[in-house]
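Visitor: Make the full structure from the sequences, and use the hints.
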Amino acid sequence: MSKKQVTFADIAAYTHFSKTTISRYFNHPDSLTLENQEKISQALDTLGYKKNKLAKVLANGKSEFIGIIIPNLYLHYYSEMLTQLLSSYSDYHYKFLIFSSEHEAEEEQQYIEELLSYQIEGLIVLSHTLSSKQLSSYQIPIVAIEREAEYISSVTTDNYMGALQATTLLIRDKCDILIHINVNVEKAVPAYDRIRAFKETCEEYQVPYDIDLSVSGNSYQEILNEIRRIFTRIEEKYPNQKKGIFLANDTYANMFLNLIFQKYRELPSFYEIIGFDNSPIASEAILPITTVGQQIDIIAQTAMELLVQQMEEQKKRSPKPLEKPVHKQIAPVLIRRNTTS
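Residue numbering for the sequence shown follows the numbering used here, starting at 38 and increasing by one per position.
Honestly, the hints are just simulated from the structure, not real lab data. All clues given are correct.
No farther apart than 25 angstroms at their CA atoms in a straight line, the calculated lysine to any residue pairs in the SDA-like style are these:
#1 Lys170 with Glu151
#2 Lys300 with Asp210
#3 Lys170 with Lys361
#4 Lys224 with Tyr111
#5 Lys99 with Ile177
Guide: Set out below in structure tokens:
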């Protein structure tokens, strides 16, 4: 036989407080004396009270849910970022509803409408599908991570500094040709600075370079096929030169490294490889990969801080919206491992 749900009326009868006082304990505990808070707390334990989250949502309209829209999970950066965001529950006690969305604007709009129907209190967006202007029209607290964010608050890595560090290391290691492999990134996207810094640094030091922005694909296998095609081209075009390869992320770098091992059974002295992100795959690869470390834990924590500040402001009787978006930039860290000298 199921146990009867303990109600506010039961707690009031047990403690001889009014139901209004019991309600204040749950919603505004600081309005009660410490002695009365302790009496009610002991009563909850004695009666075996279990919080009714649904009732709380219905009562105050606050779901304690945050929505996350992420492009995919096959790029290790996104899976690690999601892990860090989810781990923030112990600090903020918000739950998460997660959608994966890439390329289809109508689909992403449907996802956001679905999230809004669950009364999410805020939204974290890593996908690039909708513009920040479109996102800002939803009138809820939103924070972007590593994407275009003119009209909404954001957290990004200093991509220019990271690419500068990677390119400079390959130059110092006396590579004959430097090659950057990436997708065709739009200039408004923060990651475009990886391309810009690579190009400007090579030109500053008058080092021969090659930029390949032809990577595309909507799955791990499709991208691997693209990296294989690029690897074949590089092998044919630069056969007798020391090649410094700077890749857009650690997933690409690991693919490229595996292709080298499949052909040579080792990393030859005429190849150096640097990735970007410091996602787990960089240290778990067949050879630990030198990478530009995005401080993913700090990025996730900063994004949550920005979002929670906005959400807490919304709960005030007279909330003051942000006058303009807040943009935070986190410094990268070059992590040297086994794929560079």
